[in-house]
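Chemist: Listed below are the residues making up each chain.
Protein chains: 2
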Amino acid sequence: MLRFYTLLFSYFALAVVGSISIAFAQKTAQSNIPTPPIQNLSTLNVMPLPQEVKLTAGKFRLASTATVYVGGGGHSRVYGAASRFLRQVSDRTGLNFMTEGYVTPQDTVKSSPIQISCRRAGKLVLGEDESYTLTVTPQTITLVAETDLGALRGLATLQQLVAADDDGYYVPTLVITDKPRFPWRGILLDVSRHFFSVDIIKKQLDLLALVKMNVLHLHLTDDQGFRIESKTHPKLHEMGSDGQFYTQADMRDIIKYADERGIRIVPEFDLPGHSTSWYIGHPEFSSGTGATFGAPYQIDRKWGRNSPVMNPVKEEVYQFLDVFFKEMSELFPDEYMHIGGDENNGVQWTTNPDIQAFMKANNLPTKEALQNHFSKRLQAILSKHGKRTMGWDEIFVEGVPKTIMIQSWQGKEALYKAARQGYSTILSHGYYIDLNQSTDFHYLNEPLPDSIKLNADERKLIYGGEACMWSEWVNSGNLDSRIWPRTAAIAERFWSAASVRDVEDMYRRLDYIGAWLEQLGSQHESNVPVMLRRLAGVNEDIQPLKTFVDVLETVKEYRRGQLIRFAYSTFYPLTGIADVVRPDSRTARQFRNLTTRYLVSLKEIADGGGGRSASGAIAQDSGKTEILTAQREAMTYWLNVWKSNHERLLPTMQRNPRLKEIEEHSLSLSLLAQTGLEAIDRLERGVAVTAQWRHVAGLIIERAKQPKAQTDIMILPAIEQLVKAAGSSAEGKRQK
Amino acid sequence: MLRFYTLLFSYFALAVVGSISIAFAQKTAQSNIPTPPIQNLSTLNVMPLPQEVKLTAGKFRLASTATVYVGGGGHSRVYGAASRFLRQVSDRTGLNFMTEGYVTPQDTVKSSPIQISCRRAGKLVLGEDESYTLTVTPQTITLVAETDLGALRGLATLQQLVAADDDGYYVPTLVITDKPRFPWRGILLDVSRHFFSVDIIKKQLDLLALVKMNVLHLHLTDDQGFRIESKTHPKLHEMGSDGQFYTQADMRDIIKYADERGIRIVPEFDLPGHSTSWYIGHPEFSSGTGATFGAPYQIDRKWGRNSPVMNPVKEEVYQFLDVFFKEMSELFPDEYMHIGGDENNGVQWTTNPDIQAFMKANNLPTKEALQNHFSKRLQAILSKHGKRTMGWDEIFVEGVPKTIMIQSWQGKEALYKAARQGYSTILSHGYYIDLNQSTDFHYLNEPLPDSIKLNADERKLIYGGEACMWSEWVNSGNLDSRIWPRTAAIAERFWSAASVRDVEDMYRRLDYIGAWLEQLGSQHESNVPVMLRRLAGVNEDIQPLKTFVDVLETVKEYRRGQLIRFAYSTFYPLTGIADVVRPDSRTARQFRNLTTRYLVSLKEIADGGGGRSASGAIAQDSGKTEILTAQREAMTYWLNVWKSNHERLLPTMQRNPRLKEIEEHSLSLSLLAQTGLEAIDRLERGVAVTAQWRHVAGLIIERAKQPKAQTDIMILPAIEQLVKAAGSSAEGKRQK
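Protein chains in written order, with our numbering: chain G, 1 to 736; chain V, 1 to 736.
One or more hints might be untrue.
Since the list gives no way to pick one copy over another, a pair counts as held whenever it fits inside one copy or between any two copies.
To be verified - SDA-like, lysine to any residue: derived pairs with alpha carbons at most 25 Å apart:
no., residue 1, residue 2
1, K417, D550
2, K203, L448
3, K110, T570
4, K235, E100
5, K376, E678
6, K202, H524
7, K460, E100
8, K235, Y257
9, K54, A380
10, K367, I200
11, K203, H524
12, K546, L532
13, K202, Y257
14, K376, E398
Source of the hints: derived by calculation from the structure; they are not laboratory data.
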């Protein structure tokens with residue numbers, strides 16, 4: 001009751017003084033999930049990290065009267081970007097920037113505290129200047145760039161610098177001098193296997209711009225769909241898309257939206273293979289035989305290497321390609337056009353007598369030689385229409401002109417080999433974000449390690465890279481969680497210095513960029529409870545299910561299809577456990593790190609405790625013991641949560657038929673946790689484990705290793721470590 | 001350890017038998033929020049409720065081999081709807097319906113377990129047949145309808161009937177005979193004050209179709225924006241929209257999408273007032289005076305009654321309207337075109353000498369008379385182009401033709417008056433969902449109460465109603481939470497029998513329809529944590545903030561603008577506490593209901609305890625006491641959560657400048673909770689409260705009544721009830 005009147009007194013006191021000043025204990029709020037401490041404000045929370053930063057001690061205060069003035073000439077991209085900057089900072093801070101709705105060339109108040117100037121409008125081509133200098137003083141923010149593209153990159157940095165203290169919102173004073181390491185920083189989005197609407201594409205463009213990416217590569221055609229309107233050959237999209245395609249007006253809208261954000265749209269038309277969808281309307285362009293050319297073809301509902309392939313020996317095919325690529329060259333302004341070239345299995349060529357005769361007559365002994373013939377003719381057509389050709393590794397063959405751009409999916413060696421021969425290349429091997437790898441796996445995939453023997457000119461031919469979002473297992477429901485926030489780390493690999501590779505700091509900053517990505521519309525986080533609610537059903541508490549999926553990851557690489565015995569199709573429901581699970585379990589990663597550090601601490605204390613340490617060992621050990629205790633407490637907290645989770649989750653699983661597939665996995669998690677707790681207990685008490693215990697622990701671990709519902713339990717390596725340590729520690733004790 | 005080996009034994013046992021059968025205690029999972037018990041499966045979880053349902057005891061089992069066959073002729077809407085039905089049920093259940101991707105007219109397997117037939121393609125006009133009969137037996141599901149529109153409505157019911165038991169997913173066997181009560185069931189979406197993309201509109205259409213709505217009324221023009229491309233007068237959208245408008249291709253796409261879902265698109269062009277955006281490009285059509293006609297006009301960034309109004313005395317204006325509405329009549333296929341007509345303040349007419357002279361010459365003494373003159377001419381133009389005119393109450397004046405449709409925003413009396421005079425009407429008064437009213441408020445707003453004196457013919461003239469989503473305070477970030485799930489209850493009011501008005505059952509079913517709405521893309525639930533994370537910042541636990549906002553509602557009616565002293569604009573950041581808060585606090589509502597029931601129980605026991613009850617009173621009272629205990633425990637659980645929440649929330653508030661505005665409110669919540677606990681304690685112990693206690697409680701309550709951050713604390717009425725009861729109970733004791 002005393003407490004109540006203390007509260008009350010403060011309450012009315014504050015009403016008098018008009019401000020809140022109650023001396024509540026400021027203990028940190030407790031949640032189920034321990035949160036890391038708030039970062040030191042002097043630490044930069046920006047991604048990608050700039051090339052050079054000079055931080056000073058001051059603060060530029062953001063006020064609701066803030067405006068932006070754009071100096072220089074008519075660089076239209078900057079006005080839009082500056083307007084978006086104001087709105088996004090307003091949304092974040094609540095500051096009601098009413099003075100200026102849109103930043104426009106008509107603005108006359110040159111005294112704005114935020115000043116942007118750039119010399120010229122940038123050209124949206126490979127290698128354009130994207131550098132900028134950002135200078136923040138307590139009075140002004142000055143962003144200077146050669147091109148408006150550079151100004152856009154600077155604004156992306158500036159918005160991430162907004163911070164808060166007791167007095168409100170501010171930007172720390174600093175000078176940033178920045179430019180990209182690689183000029184080609186992109187992502188491939190496969191819109192053929194699953195289609196994504198114009199709005200979804202636009203949202204991705206907003207997100208890409210935030211992390212300074214500058215290429216969106218649209219994989220527009222494949223066996224599963226032809227996704228762009230052709231006015232010259234309308235049967236292509238009308239019959240090859242199930243009605244899911246971009247009209248040319250849509251595509252112009254996308255291209256304009258991308259241009260405003262400094263992002264190139266590179267279209268891909270995958271040929272001669274991966275092209276079934278072209279032949280629904282035009283079987284005569286396929287290599288099928290007979291009166292119908294193998295028709296009727298059907299839109300492929302499954303995936304893999306497919307047989308339908310374009311006919312490379314018919315002049316009508318080249319006449320068609322000439323007309324079609326003229327049309328597409330006019331629609332897509334980018335210098336590059338991607339013609340695919342991958343994974344032609346050659347079956348239709350082998351079984352077509354005309355093609356076999358042509359190969360003999362023209363001394364083309366292999367399918368590779370014939371494809372090379374096709375590629376050369378296609379490249380000539382593109383060249384005629386003013387485009388450079390881009391393609392996958394397969395187009396890199398003897399004698400191909402050096403104007404092409406090779407995109408390597410097969411490996412880095414292919415990349416360096418091409419560069420040594422004078423070819424331009426970008427890297428995608430190691431950036432296949434459909435394979436459910438962790439963020440650090442992609443982050444540390446360096447296109448140009450120092451160890452690689454390339455001279456300076458050859459190094460310049462490595463233009464950057466692209467993350468690849470193949471969409472076999474991705475639709476609008478889980479797209480964001482597959483791309484984001486992982487791709488932000490890949491963007492940093494392409495933009496920042498090669499030496500920026502501190503994984504822990506990357507993960508720390510990933511939370512900050514993740515928050516901005518979410519604010520700009522990414523549902524990588526928010527869609528998780530949506531999917532959990534659908535799985536759990538109405539009136540179910542989703543927390544136990546969340547606790548469970550939080551330590552899972554979808555099986556890596558190409559295992560998912562194998563596990564369901566290829567019973568997939570375009571119509572496969574992407575709403576299961578493997579879809580809600582994200583590729584990079586934060587909880588499991590943190591627990592694994594914790595376990596490793598704990599075992600190191602334990603070993604250090606054990607080593608020190610044997611009396612072998614030098615003077616000062618006691619003080620040192622006391623600190624170490626405290627650390628060990630904290631580590632053990634954090635571990636046992638989590639292990640107890642998991643140990644009891646199966647019982648908590650069971651009722652929900654029993655009420656939902658589709659959750660049956662995870663019951664065993666859920667039990668495994670509880671058993672692993674129990675095993676982990678026992679291992680810690682034995683380690684700390686220095687008690688030898690029995691052979692029976694090790695046997696049982698081994699069985700549990702082996703069992704848990706089997707994926708269920710196409711997912712793996714990612715704390716498993718940590719439990720294995722603990723069990724092993726408990727075993728060897730006991731060994732050690734026995735030996736002593 | 002025993003437990004561990006029990007678990008383990010079960011684990012390996014199950015591996016042998018191949019199924020999970022562990023005897024875990026099936027206690028319900030505990031979460032912070034108490035969940036109501038799972039509903040009896042015989043209870044229908046459908047919204048809107050059908051007119052007639054005969055439930056039987058069987059189950060139709062859903063299998064992954066399920067297919068749909070559509071019989072009858074070429075009713076294209078059904079194929080799309082049946083395909084979507086398969087995908088949505090697949091997404092929900094995980095059943096991989098691979099046999100049939102798209103349901104098409106080419107399907108030849110007539111033995112499908114799901115059979116749909118309809119006699120003819122429905123016309124998308126007012127009053128078209130939307131009835132259907134759905135018969136589910138253990139072997140087949142048969143959906144029969146006169147039109148494909150009826151079949152669509154039946155599919156919406158069917159998908160909501162999917163349920164689960166131990167053996168998998170099923171549909172209960174039943175016969176449903178259903179049709180709508182009102183033929184006009186719509187929503188107005190204001191795309192002028194804030195613009196919404198094509199994708200957002202399409203998503204709303206999906207959601208509307210789920211609850212059997214059949215009209216989307218687009219408020220396309222207003223002072224704040226002209227949102228439709230005009231090819232005849234391109235300056236209208238080019239200069240009046242900030243680039244945010246629907247192209248005609250966009251609109252045709254929307255209309256087609258709506259048609260496929262059986263939804264009419266009714267366009268509104270608000271005239272003669274609410275039309276500033278028209279005059280940016282065409283000042284000559286305004287009633288402004290002088291050489292420039294009052295130009296330059298600017299897109300309005302604020303809102304309210306504005307002065308620019310169309311000039312009703314210039315022939316050029318009617319020539320323009322003739323051309324413009326011809327163009328729009330060709331673009332929009334619906335029979336009705338809405339011309340607004342509301343809130344012309346008449347200022348420009350008063351100050352324009354030509355207009356004053358015209359009024360005198362033509363005996364039009366008032367602005368209403370002049371507007372009537374304008375409306376008549378505009379109606380003649382629409383009629384010439386084949387359209388019926390629709391408008392707000394203001395167009396209902398003496399002598400207006402009976403072909404018009406009146407939309408009443410002013411009140412129900414206006415509606416009945418019009419009907420009595422033979423005019424067609426729909427109701428929007430009471431359905432203004434921008435005013436943050438609770439769901440039951442709208443739900444119980446009956447357009448045609450029995451008490452109203454209208455004859456049968458007059459009753460038929462009340463065609464239904466429209467929810468109105470005015471967008472002053474709504475953008476894409478909070479739109480879904482303003483429309484959904486509340487509008488599902490309004491949809492039920494328009495579709496189901498007038499007698500369906502059980503508020504508790506409506507709220508129960510609202511959770512089920514809410515889950516489906518979420519699955520179809522509504523972010524009414526999922527966007528809450530997104531907004532909370534933005535408010536709280538990176539690495540903050542959002543749970544205390546969520547606990548706090550969960551009992552708030554945004555201030556009702558038009559108070560929000562008043563509270564911020566009209567410092568709003570189109571650019572106002574809609575990311576604050578008042579935006580994340582939803583209009584209808586479930587937690588507060590449940591707590592208020594609980595409090596009411598608790599006080600009734602308490603009174604019953606007190607009355608019974610006095611020895612005045614008949615025989616059997618003891619057994620009865622023992623049951624009552626148990627209920628009372630359960631009620632008290634639930635209440636004190638919540639009150640303790642709220643009591644301690646301020647301390648938990650304080651650190652987050654202190655780290656976020658924009659949360660300063662809620663500190664006092666947060667403290668108020670804790671104090672109210674403390675007061676509530678004390679009241680309960682005194683009530684239960686029968687201790688008299690002191691005058692000092694009542695004084696302090698009164699101060700706390702009065703203080704908490706003041707809105708903060710434009711929100712109200714919705715448990716306040718319950719606390720008031722408790723305090724009052726504690727006071728009067730003490731009075732009662734004193735009197736005895």
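Chemist: For every hint, state whether the structure bears it out.
Modeler: Now for the hints, and whether the structure bears them out:
1. Taking the shortest alpha-carbon separations for K417 and D550, neither the intra-copy value of 42 Å nor the inter-copy value of 61 Å comes in at or below 25 Å.
2. For the identical chains of this complex, K203 and L448 are neighbours neither inside a copy (31 Å) nor across copies (45 Å), given an alpha-carbon limit of 25 Å.
3. Taking the shortest Cα distances, K110 and T570 sit within 25 Å of each other only across copies (24 Å), while inside one copy they are farther apart (55 Å).
4. For a Cα distance limit of 25 Å, the shortest separation of K235 from E100 across copies, 23 Å, qualifies, whereas the shortest one inside one copy, 48 Å, does not.
5. Taking identical chains as interchangeable, the C-alpha atoms of K376 and E678 are never at most 25 Å apart, the minima being 66 Å within one chain and 86 Å between chains.
6. For the identical chains of this complex, K202 and H524 are neighbours both inside a copy (16 Å) and across copies (22 Å), given an alpha-carbon limit of 25 Å.
7. In the homo-oligomer, the alpha carbons of K460 and E100 never lie at most 25 Å apart, since the shortest distance is 43 Å inside one protomer and 51 Å across protomers.
8. For the homomeric pair K235 and Y257, the shortest alpha-carbon distance between copies (22 Å) is at most 25 Å, but the shortest distance inside one copy (28 Å) is not.
9. Taking the closest pair of Cα atoms, K54 and A380 never come within 25 Å of each other, the shortest separation being 50 Å inside a single copy and 70 Å across copies.
10. For the homomeric pair K367 and I200, neither the shortest alpha-carbon distance inside one copy (38 Å) nor that between copies (48 Å) is at most 25 Å.
11. In this assembly of identical chains, K203 and H524 lie within 25 Å of each other by CA distance both inside one copy and across copies; the values are 13 Å within and 19 Å between.
12. In this assembly of identical chains, K546 and L532 lie within 25 Å of each other by CA distance both inside one copy and across copies; the values are 7 Å within and 19 Å between.
13. Taking identical chains as interchangeable, the C-alpha atoms of K202 and Y257 lie at most 25 Å apart whether they share a chain (7 Å) or sit on different chains (20 Å).
14. In this assembly of identical chains, the alpha carbons of K376 and E398 lie at most 25 Å apart only when taken from the same copy (11 Å versus 78 Å across copies).
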